[in-house]
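Peer 1: In order, the protein sequence lines correspond to chains D and Z. The opening position of the first sequence corresponds to residue 1 in this note's numbering, with each subsequent residue numbered one higher. The opening position of the second sequence corresponds to residue 1 in this note's numbering, with each subsequent residue numbered one higher.
If you're looking for bench data, these hints aren't it; they were derived computationally from the structure. There's no promise every hint is true.
In the SDA-like style, the derived pairs of lysine to any residue whose C-alpha atoms are separated by at most 20 Å in a straight line are [as the list claims (entries may be wrong)]:
(1) Z:Lys259 - D:Glu385
(2) Z:Lys259 - D:Ala383
(3) D:Lys384 - D:Lys184
(4) D:Lys384 - Z:Pro267
(5) D:Lys101 - D:Glu220
(6) Z:Lys259 - D:Lys300
(7) D:Lys184 - Z:Arg351
(8) D:Lys384 - Z:Asp280
(9) D:Lys184 - Z:Ala273
(10) D:Lys384 - Z:Arg261
(11) D:Lys384 - Z:Lys259
(12) D:Lys384 - Z:Val6
(13) D:Lys384 - Z:His276
(14) D:Lys384 - Z:Glu135
(15) D:Lys101 - Z:His332
(16) D:Lys384 - Z:Arg266
(17) Z:Lys259 - D:Val379
(18) D:Lys384 - Z:Asp256
(19) Z:Lys259 - D:Gln111
(20) D:Lys384 - Z:Ala221
(21) D:Lys300 - Z:Val6
(22) D:Lys184 - D:Gln111
(23) Z:Lys259 - D:Pro386
(24) Z:Lys259 - D:Arg378
(25) D:Lys384 - Z:Gln272
(26) Z:Lys259 - D:Lys101
Being a predicted model, the structure only gives us computed values, none of them experimental.
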Amino acid sequence: MTGALLADDASGHALLGAEVRSWLDAHWDPALERSAWLGLVVEARWAVPRWPAEWFGRDMSDAQARVIAAEFTRAGAYGTGQDRTNLWANTALSFGTDAFKREFVPALLRQEISMCLLYSEPGAGSDLAGIRTNAVRDGDQWVINGQKVWTSGAATADFGMLVARTDWDVPKHRGISFFFCPMKQPGVEVRPLRQITDEAHFNEVFLTNAVIPGVNLLGEENDGWRVLQTALAYERSAMGENARGPRRAASNGPVAASHEVDLIELARSAGCLDDPVIRQDIARATALRSLNALNTARAKAELAQGTSSPIMSLGKLAMSRILHEGARVQTAILGAATLLDGPDHPQADDANFLTLNAYFTSIGGGTDQIQRNIIGERVLGLAKEPEIDREIPFREVRRA
Amino acid sequence: MTALTVDESTALRASVHALLADRAGEAQVRSAMESDTGYDAALWAELARLGIVGLIIAEEHGGSGAGPVELELVMEEAGAALLCGPLLASSVIAAAILAAVDDSAAAARYLPRIADGSSIATAALTGLTGTWTPEGIAVLGAPPTEPGGQWVLNGTASFVLHAQNADLLLVAAHGPDGISLFAVDVPQTSVVITPLPTFDRTLRLAQVEFAGAAASPIGEAGAGWSAVERALDVARVALAGEQAGGAKQSLDITVDYAKVRVQFGRPIGSFQAIKHMAADLLLESESAISAARNAARALAEGAPDAGAAISLAAFACADAFTTVAATSIQMHGGIAFTWEHPAHLYLRRARADAQLLGTPAFYRERYLQQLGA
Chain D
1 MTGALLADDA
11 SGHALLGAEV
21 RSWLDAHWDP
31 ALERSAWLGL
41 VVEARWAVPR
51 WPAEWFGRDM
61 SDAQARVIAA
71 EFTRAGAYGT
81 GQDRTNLWAN
91 TALSFGTDAF
101 KREFVPALLR
111 QEISMCLLYS
121 EPGAGSDLAG
131 IRTNAVRDGD
141 QWVINGQKVW
151 TSGAATADFG
161 MLVARTDWDV
171 PKHRGISFFF
181 CPMKQPGVEV
191 RPLRQITDEA
201 HFNEVFLTNA
211 VIPGVNLLGE
221 ENDGWRVLQT
231 ALAYERSAMG
241 ENARGPRRAA
251 SNGPVAASHE
261 VDLIELARSA
271 GCLDDPVIRQ
281 DIARATALRS
291 LNALNTARAK
301 AELAQGTSSP
311 IMSLGKLAMS
321 RILHEGARVQ
331 TAILGAATLL
341 DGPDHPQADD
351 ANFLTLNAYF
361 TSIGGGTDQI
371 QRNIIGERVL
381 GLAKEPEIDR
391 EIPFREVRRA
Chain Z
1 MTALTVDEST
11 ALRASVHALL
21 ADRAGEAQVR
31 SAMESDTGYD
41 AALWAELARL
51 GIVGLIIAEE
61 HGGSGAGPVE
71 LELVMEEAGA
81 ALLCGPLLAS
91 SVIAAAILAA
101 VDDSAAAARY
111 LPRIADGSSI
121 ATAALTGLTG
131 TWTPEGIAVL
141 GAPPTEPGGQ
151 WVLNGTASFV
161 LHAQNADLLL
171 VAAHGPDGIS
181 LFAVDVPQTS
191 VVITPLPTFD
201 RTLRLAQVEF
211 AGAAASPIGE
221 AGAGWSAVER
231 ALDVARVALA
241 GEQAGGAKQS
251 LDITVDYAKV
261 RVQFGRPIGS
271 FQAIKHMAAD
281 LLLESESAIS
291 AARNAARALA
301 EGAPDAGAAI
311 SLAAFACADA
321 FTTVAATSIQ
331 MHGGIAFTWE
341 HPAHLYLRRA
351 RADAQLLGTP
361 AFYRERYLQQ
371 LGA
């Protein structure tokens, strides 16, 4: 039975909740290996309840999916709601051929396949449609040559979602195609990229006659820009609410705002909490965080009331400023101590690290300048800047 | 008063917006600011009839019985329109002081006339330094020298809002018991009210000299400043709302202009130099709205962090309005350097509002202390 047969109302939700509960009672075991558990969830059609029944789903509504998610949360289980959270599976489902979906989607939902993103290039950052990685059809496969950058997880990935140019004689947005590129092959070389923080979370990926089976083309040939827009939509917005704290506090993931550096305590321990200039700085920096939290809360409340809110798009820009300003004040508090670095000087190490890592938010995921264009054009309704390369064949576009 | 529903607050806001759109447009604001009194008496009467003049005054005293949340919404509209008049002086600060002092006789005597707009009251709280703290008070109160005699005030208060239009002054004065509050009816010969030339032409300020002025004590002797502080919290929320509304309107005017002003064959808003300024200002003005509404909510609920929320709103809204109004002139270019263009009226109001109840730096320091530092 697929749950869509249950009514989407209070009594239907109660029946659904009971069904999920009893299934979890019978199957949930925290000791199970991750992919084994996810296999059970996929098989029982709890992984992607909003998806169609023919593709592992139940044709359910948001409300029904939330009922299922609530039961999973209550039990401490995971694996449902992937119809919203699994970037890879959603992209595959939306644009893959049936043969491709049969091969990849179950494995993506079981999270057995490790993935990475092959979008940006050294010459195509903010202007992503200016990519120059080349894809040429050769029989029933594609041959790829080019270079990608800012790829996290490239060394361990099985596949990468790749955008590459398949037609150089049309304007730039119209000659791009989207692929699932196998990473473990001789034509793919991964080199860690040393960041300004002295960490290496990202890689450069060199593609030299790399080969992709024809079935791994997602969407139509030369329609990859549209596929990319859908895929990007799954990724955006998270950067405005959370940002990473000091490097010692978290290994890699973002930390919630509550884990932020306490500037008041830092100044107290540094003996400068009575300095009026420092006090003004701390008040300013602390206020930026509070204001962003208030904006986010107001945006959510307005959306819940059905009013559209311009504020949602402001979060990432606000977070850039919060991080840069917070690190600046940390540095002002510590003064000459920030000449030193490393684990023996943890306060200075935090300030130094956060000063540099602030650029992760103000450049990554679209620079502050691109973000301001988006706010100006989509929120305030200002006209776009003319793009001189938009309507000419890509081959004729000026390059550095 | 219980909190308004979404529909009710939308309706309140819409009615104020409609009235001000009709009666407080730019031409009417300019006419009011150039008049002797600085406001349109007929519009004031209409605001009284709508219940806006008595908005936060209790229903038992003829007011609307609304709270900080509704006040903040109304002030956003007043700020957007650059409304001229004694709303902050009489309807907010004076009314809030009379509500905060524990003196039912004074409340019953003064509040109904304030609510219906027939009396204009204002508070004389600061001396020549314009400091909104007990140290700023420069008026001395002397107790009666004989049974049945009167209290007498001597000294100077300055930066008094709309004193030249008022018939009732609420005065904070040092006395034998500490700081106490007094009601002084004006005009009287021993009170000299001298209008001050203001940078914000839509504002009216005066210096008030008390030379043996007869005064009636209100509230508990020596408890004057705590009542003033409670009233000032209401005033800070109101002013934050005015600033947030002013910032939003100033930005809207600027963005509208950037869409129609054409240079180099295209609207100036298509240039990233202008577009990026507008995006930054949207963050400022939306943050101001969030801060002002949060302060109003916290004060209405009596939240433990209300003090910090109010301080945050005080400096965030002041800085946002000043930044938006100042940048607006630069974004417009030459047209906004003319007297006829409204952009400078917003900058004048923004700069005045940023000093009126204390500076942004003062409120940043206060905020930090309220956070425990």
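Peer 1: All hints, please: hold or fail.
Peer 2: Going through the hints against the structure:
For the hint linking Lys259 of chain Z to Glu385 of chain D, the alpha-carbon distance of about 13 Å falls within 20 Å, and the restraint holds. Distance check on the hinted pair: Lys259 of chain Z and Ala383 of chain D sit about 7 Å apart at the alpha-carbon level, within 20 Å; holds. With a C-alpha separation of about 41 Å, the suggested pairing of Lys384 of chain D with Lys184 of chain D is violated against the 20 Å cut-off. At roughly 10 Å between alpha-carbon atoms, Lys384 of chain D and Pro267 of chain Z fall within 20 Å of each other, so this suggested pair holds.
Distance restraint check for Lys101 of chain D and Glu220 of chain D: the Cα-Cα separation of roughly 15 Å lies within the 20 Å cut-off, and the hinted pair is therefore satisfied. Under the criterion of a C-alpha separation no larger than 20 Å, the hint pairing Lys259 of chain Z with Lys300 of chain D is inconsistent with the structure, at around 29 Å. For the hint linking Lys184 of chain D to Arg351 of chain Z, the alpha-carbon distance of about 63 Å lies beyond 20 Å, and the restraint is violated. Taking the CA atoms of Lys384 of chain D and Asp280 of chain Z, the gap is about 17 Å. The hint holds against a cut of 20 Å.
The suggested pairing of Lys184 of chain D with Ala273 of chain Z is violated, with an alpha-carbon distance near 45 Å, which exceeds 20 Å. Taking the CA atoms of Lys384 of chain D and Arg261 of chain Z, the gap is about 15 Å. The hint holds against a cut of 20 Å. Simply put, Lys384 of chain D and Lys259 of chain Z have alpha-carbon atoms about 11 Å apart, close enough for the 20 Å limit, and the pair holds. With a CA separation close to 36 Å, the supplied pair Lys384 of chain D and Val6 of chain Z exceeds the 20 Å bound.
With a C-alpha separation of about 12 Å, the suggested pair Lys384 of chain D and His276 of chain Z falls inside the 20 Å cut-off, and the hint holds. Note on Lys384 of chain D and Glu135 of chain Z: the hinted pairing is violated, with a Cα-Cα distance of about 55 Å set against a maximum of 20 Å. A hinted pair counts as satisfied when its Cα atoms are at most 20 Å apart, and Lys101 of chain D with His332 of chain Z does not qualify at roughly 54 Å. Among the hinted pairs, Lys384 of chain D with Arg266 of chain Z is consistent with the structure: their alpha-carbon atoms are about 10 Å apart, no more than 20 Å.
With a C-alpha separation of about 13 Å, the suggested pair Lys259 of chain Z and Val379 of chain D falls inside the 20 Å cut-off, and the hint holds. Taken as a hint, the Lys384 of chain D and Asp256 of chain Z pair is honoured in the structure, with Cα atoms around 15 Å apart against an allowance of 20 Å. A C-alpha spacing of about 48 Å is found between Lys259 of chain Z and Gln111 of chain D, which places the hinted pair above 20 Å, so the restraint is violated. The suggested pairing of Lys384 of chain D with Ala221 of chain Z is violated, with an alpha-carbon distance near 65 Å, which exceeds 20 Å.
Simply put, Lys300 of chain D and Val6 of chain Z have alpha-carbon atoms about 15 Å apart, close enough for the 20 Å limit, and the pair holds. Straight-line distance between C-alpha atoms of Lys184 of chain D and Gln111 of chain D comes to about 17 Å, which keeps the hinted pair within the 20 Å bound. Between Lys259 of chain Z and Pro386 of chain D the CA atoms are separated by roughly 15 Å; this keeps the pair inside 20 Å, and the hint holds. Distance check on the hinted pair: Lys259 of chain Z and Arg378 of chain D sit about 13 Å apart at the alpha-carbon level, within 20 Å; holds.
With a C-alpha separation of about 9 Å, the suggested pair Lys384 of chain D and Gln272 of chain Z falls inside the 20 Å cut-off, and the hint holds. For the hint linking Lys259 of chain Z to Lys101 of chain D, the alpha-carbon distance of about 46 Å lies beyond 20 Å, and the restraint is violated.
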